[in-house]
Amino acid sequence: MRQEAAPLEPLGHFQDGEHHFVLRVYFEDTDLTGVVYHANYLRYFERARSDMLAAAGVDQRAAFEAGEGAYAIRDARLRYRAPARLGDTLTVVSRLVELRGASVDIHQRVMRSGIIVAEVEIEAVFVAPSGRPRRQPAAWVEAFAPLVWKGD
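Mapping the sequence shown onto this note's numbering, position 145 (from 1) lands on 276, and the numbers just tick up by one.
None of these hints come from the bench; they were simulated from the model.
It is possible that some hints are incorrect.
Heads up, simulated DMTMM-like pairs for lysine to aspartate or glutamate below, C-alpha to C-alpha not over 20 Å straight-line [said to hold, decoys possible]:
hint, residue 1, residue 2
1, Lys281, Glu229
2, Lys281, Glu159
3, Lys281, Glu254
4, Lys281, Glu149
5, Lys281, Glu250
6, Lys281, Glu252
7, Lys281, Asp236
Label pairs and their in silico Cβ distance ranges [claimed, not checked]:
hint, residue 1, residue 2, range
8, Arg178, Trp280, 18 to 28 Å
9, Pro264, Arg216, 34 to 44 Å
10, Ala203, Tyr168, 17 to 27 Å
11, Leu142, Ala193, 11 to 21 Å
12, Ala197, Leu163, 42 to 52 Å
13, Glu159, Leu209, 13 to 23 Å
14, Thr164, Gly245, 37 to 47 Å
15, Ala274, Gly165, 37 to 47 Å
16, Thr220, Gly282, 23 to 33 Å
Ideal Cβ placement from N, Cα and C applies to all residues, glycine included.
Please put together the full structure from these sequences, using the hints given.
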């Protein structure tokens with residue numbers, strides 16, 4: 132008999148309207164020179180976004196399994212600014228920038244000791260199981276509304 136997996140507790144936390152997700156750079160994250168391989172930043176951003184959603188009370192898996200849909204990345208603009216290396220402790224800082232009926236814009240940056248290592252502008256669109264955009268669940272919009280960045 133298959134047991135249901137319990138939802139994971141978020142690892143990150145909200146601070147001043149932004150979500151902070153801490154991670155460490157492991158050997159598997161790096162290239163031959165010990166620098167984080169460029170594609171791994173997308174993994175870091177994804178982990179942080181998933182954790183941010185969970186911390187906001189969004190259960191992505193339940194929505195998908197209920198046939199409501201899931202997020203798909205429509206656009207990602209990624210900029211690399213400084214290298215991260217084996218053993219570094221990094222913080223992915225995420226903020227909701229804009230909330231629309233079927234999509235959300237999220238700005239994320241990887242920080243090391245106050246230095247921006249990489250940053251990305253993401254547009255995530257909620258799509259039905261058919262793959263067509265649809266309105267985000269009302270409970271999600273309600274959870275996100277107070278988190279939309281009002282700072283600079």
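How the hints compare with the structure:
A hinted pair counts as satisfied when its Cα atoms are at most 20 Å apart, and Lys281 with Glu229 qualifies at roughly 10 Å. Simply put, Lys281 and Glu159 have alpha-carbon atoms about 37 Å apart, too far for the 20 Å limit, and the pair is violated. Among the hinted pairs, Lys281 with Glu254 is consistent with the structure: their alpha-carbon atoms are about 18 Å apart, no more than 20 Å. For the hint pairing Lys281 with Glu149, the CA-to-CA distance comes to about 11 Å; that is within 20 Å, so the pair holds.
Our distance criterion of 20 Å between C-alpha atoms is met by Lys281 and Glu250, whose separation comes to about 19 Å. Only pairs whose Cα atoms come within 20 Å are accepted, and Lys281 paired with Glu252 is accepted, the gap being roughly 16 Å. The straight-line distance between the Cα atoms of Lys281 and Asp236 is roughly 13 Å, inside the 20 Å bound, and the hint therefore holds. For the pair Arg178 and Trp280, the beta carbons lie near 20 Å from each other, so the given range of 18 to 28 Å is met.
In this structure the hint that Pro264 and Arg216 lie 34 to 44 Å apart at CB holds, the actual value being about 39 Å. Checked against the hint of 17 to 27 Å, the pair Ala203 and Tyr168 passes, with Cβ atoms roughly 24 Å apart. In this structure, Leu142 and Ala193 meet the distance hint of 11 to 21 Å, their C-beta atoms being roughly 19 Å apart. For Ala197 and Leu163, the hinted distance range of 42 to 52 Å is satisfied, since their beta carbons lie about 45 Å from each other.
For Glu159 and Leu209, the hinted distance range of 13 to 23 Å is satisfied, since their beta carbons lie about 20 Å from each other. About 23 Å separates the C-beta atoms of Thr164 and Gly245, a value inconsistent with the hinted range of 37 to 47 Å. Distance hint for Ala274 and Gly165: a CB-CB separation of about 39 Å, consistent with the stated range 37 to 47 Å. Range check, Thr220 to Gly282: Cβ separation about 25 Å, and the 23 to 33 Å hint holds.
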